[in-house]
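*Asks:* The task is simple: from the sequences and hints, build the whole structure.
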Amino acid sequence: MSFMTACIASVSTDAPFSIETAELRKAIECPRGILGAAGGIVLLVSGTTLSGGDEWPGTPFYEYLPYEGPGYDVCWLNNPSKGLGDAQVSSEYIAYNIPLLASKSATGRIAIVGHSQGAGLTPQWALDFWPSTRAHVSAYVAISGMFHGTLGPVATCKPEGLNGCYPSFYQMSNGSAYIDAQMRRGGRALVPTTSLWSRVDGTVIPEDVDPTSYLEGAANFAVQQDNICGSGDTSDHVHMVVDPAVYALAVDALAHSGHASATRFNKTSCHVFSNGTYNQAYFNATVDRINNIVVNASASTAYQATGYNLTAAEPPLKAYVCEQGQATDCGSV
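When the count follows full-length UniProt numbering, it moves up by one through the sequence shown with no breaks and lands on 333 for the last residue.
What the hints contain is simulated information worked out from the structure, not anything from laboratory work. Quantities reported herein were computed from a predicted structural model and do not represent experimental measurements. Everything hinted at is true.
Between beta-carbon pairs, the in silico distance windows are: (1) GLY33 to GLY108: 15 to 25 Å; (2) GLY108 to GLU20: 21 to 31 Å; (3) LYS267 to SER18: 45 to 55 Å.
Here a beta-carbon is modelled for each residue, glycine too, at the ideal position from N, C-alpha and C.
*Replies:* As structure tokens, this is what we get:
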């Protein structure tokens, strides 16, 4: 191990917060309350353009997870910028609330289930730069997480005009300063982690060869691999949050210290949920609703994005990134 690697691995100082404590606390919503469920609290973190309240209702993680196994208290993060703003700032909401929720959890720790940006980008950054949070996390399930960045988001937003892109679009791009900094220490599992992805994802790419969702040290699964569902699973990016196989693997990870296993996977979960309260049409309607919000932000009446501006370039890395030895070119704050 080189001297620099040793220094990076041994960093134990948490980054500072730039947001007022009251604002950080307000971002957490526990729609059914915290009832002391034996399985503890599961924090759901949503993808880009979505608040927690936009994405998770109508998914099995809201409808079924509270009643699985020992039972779980489900909370989600309502990021004010809905993942459009600086991902460094978005990560603060996660980092601050991890120990706060853990203190209210029946297990003394929490699990995190995230999707897209809320899988590979912001929770991993929080665990990376606020290392004290790791002791409070029992499991981390990343669904379609862009740990290594994704191709194309900046090109996607350029047609919106000459004012630039959403800050997070630069940051989630493959080769961004954000991704490069995170990979210095966060390019491996920092807590017990299961990463799940679809090889036919058209949003987070690549996922077929050298998948961006693959994370060293995690339990890694493409739903199309032969010992899961094979090539017959056609779930795209958004559909992953209602895919019964993804849900089954996530529940397995929560029940087994953060690591799902193919040997415990029942292939009937490729087609149906073990809980049959809702049919697939119900969950497909959720996908339609989420997709509508992604393309039409005003479709979300309860949650509107604030706190971001279009920018002409990637936001500078926060000063703490360089102070922790994970970059050499940072801003002054």
